[in-house]
Amino acid sequence: MSESRPKPPRARRRDLVVEQVADETLVYDLERHRAHCLSATAAWVWRHCDGATDAAALAARLGRTLGRDADEEVVRVALHRLARARLLEDPLPPLRARSLRSRREALKRVALLGISVLSIAAPAAGQAATCITRAACEAFPNGNPRCTGQPCCDVAGKFCRSQGCGQTCCCHV
Amino acid sequence: MEKLDRLGWAAGLNLVTYGVRIGIRTNRPEILERAASVMPPGCTRAAGRVADRILSLTVGGRDSNRNVRRFHLLYSDALPLARTHDLDEVFALLEDHVKLYVAETAPRLVFVHAGAVAWRGRAIVLPGLSYSGKSTLVAALVKAGATYYSDEYAVLDARGRVHPFPCALQERTETGTRAVPPTALGGAPGARPLPVGLVAVAAYAPHVSWRPRRLSPGRGILELLAHTVPARVRPKDALGALRSAVFAAPVLKGQRGEAVETAAALLRTLDAMDD
Chain S
1 MSESRPKPPR ARRRDLVVEQ VADETLVYDL ERHRAHCLSA TAAWVWRHCD GATDAAALAA
61 RLGRTLGRDA DEEVVRVALH RLARARLLED PLPPLRARSL RSRREALKRV ALLGISVLSI
121 AAPAAGQAAT CITRAACEAF PNGNPRCTGQ PCCDVAGKFC RSQGCGQTCC CHV
Chain B
174 MEKLDRLGWA AGLNLVTYGV RIGIRTNRPE ILERAASVMP PGCTRAAGRV ADRILSLTVG
234 GRDSNRNVRR FHLLYSDALP LARTHDLDEV FALLEDHVKL YVAETAPRLV FVHAGAVAWR
294 GRAIVLPGLS YSGKSTLVAA LVKAGATYYS DEYAVLDARG RVHPFPCALQ ERTETGTRAV
354 PPTALGGAPG ARPLPVGLVA VAAYAPHVSW RPRRLSPGRG ILELLAHTVP ARVRPKDALG
414 ALRSAVFAAP VLKGQRGEAV ETAAALLRTL DAMDD
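Taken in order, these protein sequences are the chains called S and B.
Quick note on numbering: the first sequence equals residues 1 to 173 in the working numbering.
Quick note on numbering: the second sequence equals residues 174 to 448 in the working numbering.
Some hints could be false.
As the list claims (entries may be wrong) - Restricting the straight-line Cα-Cα distance to at most 27 Å, the calculated cross-link-like pairs of lysine-lysine (BS3-like) are:
# : chain 1 : residue 1 : chain 2 : residue 2
1 : B       : K316      : S       : K108
2 : B       : K426      : B       : K409
3 : B       : K409      : B       : K316
4 : S       : K158      : B       : K426
Rather than coming from a laboratory, the hints here were simulated on the basis of the structure.
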């Protein structure tokens, strides 16, 4: 029985804020509050995911655009990075490298072509603000909107939260 | 909120800071000035009775007639913020809450949790978490001749210029923090908005030298976004301001050692850009 070919990838467009910064592309995901920085090549792959062009065809076009070889395996790695960032409409089947060496070789080619997708979680207001002492955090009754994750000054790695606390907010992971 | 509105408030005032209108009302007129004194820098009295946020402060204390000790209560609109016998704690919470509210909602401005100083007409922005050494580095830069803008927020406009937020510098001590007025470091704080000349993401680590790598503009913006207060509520505004800020400014990232050496290196870097 033959495997059905995966659907050609389609770029997600809804609920995104996209900003061009020199040759990089910044994408803010309004649904998940994550921000991504796409290198020029990663952004090229993303923009050409039109739901009709499969990975092999993308690789051929990318190679012509860059003026050097770009194989299908490299494009598949790029697509997986975009999918992991939730920038494609549909999930992709898992990557299957023939061997660990083959996968390492593919990743080297990905790096040489400058394909990168860097992602961060956008902070909630409290998380980006000045830290709060534990005493100040515990002065808020539980459920208070100020328990929004402001970092606790005197408890490293913990944030002022409602969940997992008693009658007042507490410094929690 | 209606229940609070029906209480007899003895005094109130309206203030505006960075375009945000704050109303304060209380049952004790004599504490109104103290409440105004903990508002963000640049706060001025505003005419009218409309406010974006109303802070209601009921001062408790001992009621000698009934031998009862009443709590001090603080509300932000209808939401309780504090219920305590410690009035200093109430004012600390009031200050903290209003600062965060302004940072999140100031119209046309984007607050980044960062230190900021000015050097020869351009701003140096130092984003970082609390306890990353921002205040120490800001103090070292000011002592080296830079102009103080803030050790808490770099306030960006849509053109990417940095506006001053000259709160007292928070100097860490063994027992907590100490507020140091900017004038104690030398000179008056900055007053006018300036373009960004340099962004330095410099977390302190002992016994290291400042040997940063330069980030691409896109990655530099992500570094700043990670410290941007209104990132989630106004992402388009935030990205736009950050993009303008780094347009002509390198973003450097690395670990730094002692603040005095790092400050000198940052100023040399900015000077070298003019050569």
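Against the structure, the hints:
With a C-alpha separation of about 47 Å, the suggested pair K316/B and K108/S falls outside the 27 Å cut-off, and the hint is violated. Distance check on the hinted pair: K426/B and K409/B sit about 24 Å apart at the alpha-carbon level, within 27 Å; holds. Restraint check: the Cα-Cα separation between K409/B and K316/B comes to about 36 Å, which exceeds 27 Å; the hinted pair is violated. Simply put, K158/S and K426/B have alpha-carbon atoms about 24 Å apart, close enough for the 27 Å limit, and the pair holds.
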